[in-house]
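Protein chains in written order, with my numbering: chain H, 1 to 403; chain R, 1 to 222.
Just so you know, not all the hints are guaranteed correct.
To be verified - Footprint (simulated), chain H over chain R, 3 or more residues, beta carbon under 8 Å: (1) 9-18; (2) 158-171.
As the list claims (entries may be wrong) - Sample of chain H residues with no beta-carbon within 10 Å of chain R, all distances over it, derived: (3) Gly40; (4) Val49; (5) Gln68; (6) Met92; (7) Leu107; (8) Asp110; (9) Arg150; (10) Glu197; (11) Val277; (12) Phe350; (13) Ser392.
As the list claims (entries may be wrong) - Partner residues aside, some chain R positions facing chain H, computed with beta carbon under 10 Å: (14) Gly21; (15) Lys22; (16) Lys23; (17) Gly53; (18) Glu68; (19) Asp113; (20) Gly117; (21) Asp118; (22) Phe121; (23) Met144; (24) Tyr148; (25) Arg151; (26) Ser152; (27) Ser153.
It is worth saying that the hints were derived from the structure and are not from the lab. Every residue, glycine too, gets a C-beta built ideally from N, C-alpha and C.
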Amino acid sequence: MITGYAGISPKGDLLLLQRLGERLAGKSFLHVNSTRLGGGVAEILQRMVPILKDLGIEARWEIIEGDQKFFDITKKIHNALQGDQVEITREMWEYHHEVNKKNARKLNLDADAVLIHDPQPVALVEFRREGRWIWRCHIDLSNPAVGVARFIKRYCRRYDAAIFSVAKFVMPMAIDQFIIQPSIDPLSEKNREVTKEEIQETAGRLQIPRDRPLLLQVSRYDRFKDPIGVIKAYRMVKKYNDCILVLAGSPATDDPEGEVVLTAVTEFAADDPDIHVLLLPPNSDRDINVLQRMATVILQKSFKEGFGLTVSEGMWKGKPVIGGAAGGIPVQIVNGVNGFLVHSVEGAAFRMRQLLNNPEMAHEMGERGRDHVRTNFLITRQIRDYLSVWYSLEKGGRGILEP
Amino acid sequence: MGKGIKPFEFKECVIVPKSTGKKARNLRELRSLLGRVTDESISHHTYQYFLSGHVLEYTNAFAHWVGESLGEKGLSEHLSNIDPYSFSEIELLRNELLKAVDSRLEAPPRPRDAAPGDEFFFSESITLTFPVRVRAMNLAEFLMAVRYVDRSSIYYHFYEARTRLEGGADDFSKWISGSLGQKDLGGKIKSIDPFMHTLEGIREHILEAVEEQVRKQMEELS
Chain H
1 MITGYAGISP KGDLLLLQRL GERLAGKSFL HVNSTRLGGG VAEILQRMVP
51 ILKDLGIEAR WEIIEGDQKF FDITKKIHNA LQGDQVEITR EMWEYHHEVN
101 KKNARKLNLD ADAVLIHDPQ PVALVEFRRE GRWIWRCHID LSNPAVGVAR
151 FIKRYCRRYD AAIFSVAKFV MPMAIDQFII QPSIDPLSEK NREVTKEEIQ
201 ETAGRLQIPR DRPLLLQVSR YDRFKDPIGV IKAYRMVKKY NDCILVLAGS
251 PATDDPEGEV VLTAVTEFAA DDPDIHVLLL PPNSDRDINV LQRMATVILQ
301 KSFKEGFGLT VSEGMWKGKP VIGGAAGGIP VQIVNGVNGF LVHSVEGAAF
351 RMRQLLNNPE MAHEMGERGR DHVRTNFLIT RQIRDYLSVW YSLEKGGRGI
401 LEP
Chain R
1 MGKGIKPFEF KECVIVPKST GKKARNLREL RSLLGRVTDE SISHHTYQYF
51 LSGHVLEYTN AFAHWVGESL GEKGLSEHLS NIDPYSFSEI ELLRNELLKA
101 VDSRLEAPPR PRDAAPGDEF FFSESITLTF PVRVRAMNLA EFLMAVRYVD
151 RSSIYYHFYE ARTRLEGGAD DFSKWISGSL GQKDLGGKIK SIDPFMHTLE
201 GIREHILEAV EEQVRKQMEE LS
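All chains, full assembly: derive it from the sequences and hints.
Here's what the structure looks like:
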């Protein structure tokens, strides 16, 4: 399996993976999160667990179960951790703890290394028996609501280490906190190479013309992704350059605002035949892949963002990406080198015009973007880093891998 | 190339950053933390900065942040001009960085704060070093290897080596001058300015110099 990445991922990453695999072979590595389907964490775990097994590590992936009340509470905790002033009552925390306790009784939590993903299962650490326990936080904790931070810190004290995606997402705590960026899988349906026939088929089915430059934003219909701003920017560009805009997103069942935003976007697009607002069914990975490959310029004009891996997805297809300077986007886009960071509708429009009028510059930026992703944002690098952290914890917090 | 030549064993290093939980919003806070953070943190933001493939005009993370996030172009030039390899101890490098920041703080106008989320985040790192199973016995093999090894291998042998070896040497020039006895070529590689190129730029310069030498050797009659 790991050999499938040869010639795609940097060779050093694969060699280190093999070497760490040799050192950690036969040991057990447990991942726990709250869903097997949907969302970036599940998406990456589906790919990561088989690779870990291929390296000789006994990898397992467990899911915690909870009722609607539990997930309503964890959604509130999630929002409060991201800074929303939501009150999490003592009763809510007690219920959260109770559900974690029930799961701890049911699940086999014994492993040499245990990686707990996000706040839903964070309290499982209270029931740890053996191994190294690491909390993997995928969300931005730089500005949490005070009460909720106190509770999370209390649990975190029981962990050996924590992992965050970006340095600015870290909440000061008394345990080691590593920075490991998330990643995309170059062999997945969303990122693999596609054939000309596949492109023709998708373009025909989705009725996307191919006679003019295509601007694309792939994201949920969420006001923080600024789809209306993207349409405004497109209209500014359209005065100078004939082009097509595609907004593509899937419905998010856990986001009641999604439908309202989609309606607003459709109304704002009005009857412009060159704006294509697509609501793709879940698991439309291949269509998204094809759309990204058809695009001339890719946008991710977010005001607020988690890590924003659609940026890396676009770059992997060799496209210049224009992103809002939010969340993890500035980690992926080196402004003016492999894309542009923008702070306004006008900025997005200006950069789109610049790229449409300078195909050579767009091509070079796209190439640099692909190279940047190859070095920094592929799944092999992320697994390499997880194993490096585990290995270093085994070695008393030091790195060094003997020759 | 006869017997007894020690082959060049290519290695690579991988760095996983570790947050210190400390951040600076402005120059005063940067100054205060610069004086207190660990040597590992100073090292991470200076020596290891080169592994990020410094695409802009800066030569360390402090200069980068001061220039890009605070708009302090003069200070960023000053910080970029500090050669971390010219100090025998991190403490001396730290003092030089502090001196530069102090000289800016002593003069008006008062520096601005960074935008929220754009603060300077002090990190350390864990480093794992390993051989990449590529070795060169002679210059021609070395040429091919340098062309294809990962960028982090160039970093390890050209930048990281300077913290291990005496006299600002790098692994490449040391092997070429020492094991191969080709002092001119070794000197040429040693003289490549580490601050003025990206890792790919360094690779190109090494390839150029080595290729020229290999061509010369191929044309020799005996």
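Hints versus structure:
As drawn, the region 9-18 of chain R meets chain H at 6 residues by the rule of a beta-carbon pair under 8 Å; at three or more, the given contact holds. Restraint check on the region 158-171 of chain R versus chain H: 0 residues with Cβ-Cβ distances below 8 Å, three needed, restraint violated. For Gly40 (chain H), the condition that its CB be more than 10 Å from all CB atoms of chain R holds, with the nearest at approximately 20 Å. Against the 10 Å criterion, Val49 (chain H) stays outside the reach of chain R, whose nearest CB is about 21 Å from its own CB.
In this structure Gln68 (chain H) is separated from chain R by more than 10 Å, as the shortest Cβ-Cβ distance comes to about 34 Å. The non-interface label for Met92 (chain H) is consistent with chain R: the shortest C-beta to C-beta separation is roughly 27 Å, beyond 10 Å. Against the 10 Å criterion, Leu107 (chain H) stays outside the reach of chain R, whose nearest CB is about 28 Å from its own CB. Look at Asp110 (chain H): its CB is around 26 Å from the nearest CB on chain R, clear of 10 Å, so calling it non-interface holds up.
With a least beta-carbon separation of about 16 Å from chain R, Arg150 (chain H) lies farther than 10 Å from that chain, consistent with its non-interface assignment. Interface exclusion of Glu197 (chain H) from chain R stands, the closest Cβ pair being 34 Å apart, more than 10 Å. With a cut of 10 Å on Cβ distances, Val277 (chain H) stays outside the contact zone with chain R, its closest approach being about 30 Å. The Cβ of Phe350 (chain H) sits about 20 Å from the closest Cβ of chain R, beyond the 10 Å cut-off, so the non-interface label holds.
Not every beta carbon of chain R lies more than 10 Å from that of Ser392 (chain H), the smallest distance being close to 5 Å; the non-interface claim is violated. Using the Cβ-Cβ criterion of 10 Å, the hint placing Gly21 (chain R) at the interface with chain H is satisfied: the shortest such distance is roughly 4 Å. Residue-level restraint check for Lys22 (chain R) holds (minimum Cβ-Cβ distance to chain H is 8 Å; threshold 10 Å). A cut of 10 Å between beta carbons decides the hint on Lys23 (chain R): the least distance to chain H is about 8 Å, and the hint holds.
Among the interface hints, the one on Gly53 (chain R) holds; its C-beta lies about 8 Å from the nearest C-beta in chain H, closer than the 10 Å criterion. Taking 10 Å as the C-beta cut-off, the interface hint given for Glu68 (chain R) holds, the closest approach to chain H being about 9 Å. Annotation: interface hint on Asp113 (chain R) violated; nearest CB of chain H at approximately 15 Å, more than 10 Å. Interface hint at Gly117 (chain R): satisfied, since its Cβ lies 6 Å from the closest Cβ of chain H, which is below the 10 Å cut-off.
For the restraint placing Asp118 (chain R) at the interface with chain H, the shortest Cβ-Cβ distance is roughly 8 Å, inside the 10 Å limit, so the hint holds. This hint holds: Phe121 (chain R) has a C-beta 4 Å from the nearest C-beta of chain H, less than the 10 Å allowed. With a least beta-carbon distance of about 14 Å to chain H, the hint placing Met144 (chain R) at the interface is violated under the 10 Å criterion. The beta carbon of Tyr148 (chain R) comes within 8 Å of a beta carbon in chain H, closer than 10 Å, and the hint placing it at the interface holds.
A distance limit of 10 Å between C-beta atoms decides the matter here; for Arg151 (chain R) the minimum to chain H is near 7 Å, and the interface restraint holds. The criterion of a C-beta within 10 Å of any C-beta in chain H is met by Ser152 (chain R), whose closest approach is roughly 6 Å, and the hint holds. A cut of 10 Å between beta carbons decides the hint on Ser153 (chain R): the least distance to chain H is about 7 Å, and the hint holds.
Comparing the model with each numbered hint stated earlier shows that hints 2, 13, 19, 23 do not hold.
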